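Student: Residue numbers (the numbering used here), protein chains in the order written: chain A, 1 to 213; chain B, 214 to 394; chain C, 395 to 695; chain D, 696 to 1086.
Hints are computed from structural coordinates only; laboratory data are not their basis. Since this is a predicted model, take the numbers as computed values, not measurements. Among these hints, one or two may not hold up.
[To be verified] Pairs of lysine-lysine, DSBU-like flavour, derived with a Cα cap of 30 Å:
1) 754(D) <-> 11(A)
2) 6(A) <-> 913(D)
3) 425(C) <-> 178(A)
4) 722(D) <-> 11(A)
5) 1012(D) <-> 364(B)
6) 1012(D) <-> 7(A)
7) 754(D) <-> 200(A)
8) 1012(D) <-> 425(C)
9) 897(D) <-> 425(C)
10) 196(A) <-> 364(B)
11) 425(C) <-> 890(D)
12) 722(D) <-> 425(C)
[As the list claims (entries may be wrong)] If you only want the chain D side, here are some residues facing chain C, beta carbon under 8 Å, derived:
13) 723
14) 726
15) 732
16) 734
17) 837
18) 838
19) 908
20) 909
21) 911
22) 915
23) 917
24) 1016
25) 1071
Beta carbons are placed, not taken as given, at the ideal position from N, Cα and C, and that holds for glycine.
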Amino acid sequence: MRDELKKRVVKTPDGQELEIEPLRDYYCEAPPTVMPAAYSKIVEGLFNWARAESLWILGFGTGCGAIEMRPLMTPRFDAYRYGIQWRPTPRQANLFVISGYLSVKTLKRVIRSYEQMQNPKYVVGLGSCTINGGMYFDSYNTITRLDEYLPVDVYIAGCMPRPEALLSGFEELKRIIKSGKAEGANRYAENFDWYKANQKRVIQDWDMPDYNW
Amino acid sequence: MRQISMRELYEILKQIFPLGELTEQRSNLAFITVDRAQLRPLLLHLRDREGFTHLVLLTAVDWIEDGSFQLTYLLCDRLGQRDLGLRVMLPRDGAAMESIHDLWPTAATYQRELREMFGIAFPESPRVEEDFILEGWTGTPPYRRDFDTLKYSNETFAPRPGRETRDPEGYMKEQLYPDGN
Amino acid sequence: MEFEWIKIPYSMLTLFIVANYGFLLTAVMAKIAARVGRRHGIPVWQNYLDLIKNYGLRSSITHGVMYYLGPVFRLSGGVGLLLFVPTIYGTEMFSNMSFAGDLILALYFVFFGALGMALGAAESGHPHSAIGVSRGLSQVTAAELPFALAVFAVALQYQTLSITEIVAAQQGGVLHWTLFSNPFAVAAAMLSFLGSMMRPPFDVVLAPQEIPIGPPTEYHSSYLALLQTNRAIFPIAKIVVYMNLFFGGAASWPVFFLKVFLIYLFSVFVGVAFPRFRVEQSIRWFLVSAVPLGVIAIVLV
Amino acid sequence: MAYRPDRSQYPSRKADGSLDIDLTSGKYLKLWQGPQHPGITGNMAVELTVCGDEVVEGKTHVGYLHRGFEKLMERRTFIQCFPIVCRICVPEPDFNEYCYAVAVEELAGIEVPERAHWIRTLILEMGRINSYLMYLGGQAGALGQGVIGQWTTYVRDLMLDRFEELTGARIYHMFIMPGGVRDGLPDGFHKRMKKTLREIEKTLDDVEDVMFNNAVFKKRTVGLGYIDPALLDTYGVTGPTARAAGVAKDVRKDQPYLVYPELDFEPVVGRDSDVYTRADVRRRDLLMSVDLIRQILAKMPDEGPVMTELPNVLHWKIPRGETYVRGECSRGEYGYYLVTDGSGYPRRVNVRGPSYTHAMALLERLIVNCNISDVAALMVSLHTYPPEIER
């Protein structure tokens, strides 16, 4: 555990002494709960439709797939037409595109970013390496199955997937959201212990609270 | 200035330093085996007198059969258009080496990587004990030959069932010559 | 003075029209900016979808009371600015709650939202928010200075603090506008306008590549939706002030839409082609190029 | 007006040379740029300690993209290695294929036909154009000028079309393999390529007008991130970053490879060694690549084999030896150090990417005293790609 995460005593400017335990004080570690859908079916349908048509991607290029995200947002493919846009902070994003292989070190950051996003949130796994390891099936540092660690809604196969494949993957995701089946965040909350156990088995120095947001 | 060949350079250097064998790979690339104690004065000499000012890379090779690590310091003389690699052999057990970060600051990065990936100690190098690429790695350093990455991956990462991996040689033989000839 | 209750539904109607116009206008402006980059850009109704989505998010977290109040202050800054300024000149229905001293109130409301946001964002505890807020406040203050000077010049010129009277004085032909009768004041004010629109070269407050994305970093779901609503209303309200003070106001809705569109377009056109200033560079820019114009305007009056 | 930091407020150094920073004093703030941060190039992180708006210490953290290529290649045969090497560097993968192929050919003693050399040069120059276009967009984007990125990505897509036509893939081409290249040029490629080049030149004219002649862009970048030419060799700086400091370091000229001796060009050199000059050197280098491609298309032979007969790749053993092969990629010197031990598998492969030295030691030095606003621009101007740091 790093020094700055250990318990310590801090002196405030006016002379008080405070004991700080960073892992508890700076984060809320309440586990996520299952969030029910809106009471009325019509309202939920409206919300789902709006969610599907307004996908805000978290700007986190986790792997080499990120290179095809740029053409996606520029003149040739222009995903803005479909209501897809970048969001630089996890609080405001609702779609996490795992763009390619995840090394263990990145997985840790991905989990934290994912947990900071607000329910409902969606995960798209990009590239063969998120499905079964792909090219890196025998690497000691990349995970082989993304759905062991995060609830995935859509996988897009390929190495690397072309922007057209991405667009069709997003269309598929929209279809799933509109039909009300994209409940990844709730699945994560229901199987929280299972996901956490998987994550902890891989991440060797777990120096953060179980749930942080 | 007449371009001197790598062998001539070797002869010149040999008058000053005790050197090991020379391998001429190309007309502008050669590798010289040197003793661990000779490395630092030799590097200084090459840098300041012979124009090898650019440290291209510093890396290690694991010769597990001989029980030794080979450290390769590759230097480049841009104006002379030639490269010289220095090989230093270290015993594999408790491998440690002097740091050269004061000659080239970039060497500190290479040494951090070697420390992490091969487990070679560089006691004086700055920030050498910090995690560089891996995080909290406690097992065998992964670039060592006795670390089996496939085994580690299968044990750690829950591979998705259904993937078949074949040895290419045996599989192609089976496909092309099914009767076993 | 008797308060006329009918003004409340009337101003609500104004608010409704302006908010919708703001949503559509920002989308159209995004489309125009996208065209410069050879893209199609977002659909014009995209803002509504984003808004519904943000209201429809299931979970949200809070960092404290001020964190709640930040977006509320921000929105009330925008709404307040709009409500105390006559939107359409000469109509009973859309003059809102304008009164004799509304110019001073408008100046205050322009600043109010930024202050509220500063309080809320600071409570969210994110370092990017804090940096963004300190940048934002210093830049808004610097940008406000030439605007205030221009407003004083205009007030001196027309000898009144009532926006309605200022608009009345500009009626009767294009050449009566402040734009022509006091060009220095308008120039100073328009430069300040660029600074307050959060578009390049003065968007260092948001600056996604440096401090993603400044003060609203921690805001999400309904808070963000409030901020989005404000982003639709506030620029329009500000443009209304500018339009009334410098461009002769608007006597009917079509004229209003056209003038607002053109003034908005001005900031987009500048913004699309420029990278952003650092905060101390932009402050220096305001002080060096815009403030002297404002001073000249006052001296000339 | 030049930006003059006040050194007096900075922390003193401890005995071991590290900075004496007390985070609880309230004077300093620790700020992480990355890995989840739009202003960072790729997936890496910079840990900044700031005092006010100024950075007093920066530490680069990498390893988020580590896949252990050098290990994976040790358990793949020589021919199996060839499809995975390109994955090391995403924006310009061809240099990996080229360096690997040449290293293997050298140790195995394989001669490559003449025409393959021309096609390899063509591919490498096309890749360089792609990488530079991406860089220009990133450099402008780091300063908030998004429209440049739109334009350059548009023409980059046109270039990717040419790649697709030639190799069948947009990003990972897997075209240059040990022994030659996979195929010749398709029909009509010359004509379409020339059209694309014209389009690129047209866009670059626009970029020059809007970006390089822009007063605000100049104000932000001139004088920022100055690298002393004396530091170049100590810090292992190569490529355009070194050329912007006035040193004509260009492997294409210094140690000519492929068909570069037959082409007519002079390395682009800048003078001021700041962010603006680095961007400008890269723009002019891009135009030079356009010119080089025209020369290649005019001079290259139309007929002839593109591939030599390889031994049976399933049991292809290469005798013991070691070599280092380098090339000039868009960021600097790219090299492969290959060691063989007489078996069918490489004993050790080491990739030397230019980002390795740029993003670590050099960036950590340059970032001190820099304004927070300028960190992104500075980082982009070194043109680093994290995957080649950690492989």
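Student: Output the indices of the hints that this structure fails to meet, ascending.
Tutor: 2, 6, 8, 12, 13, 19, 23, 24
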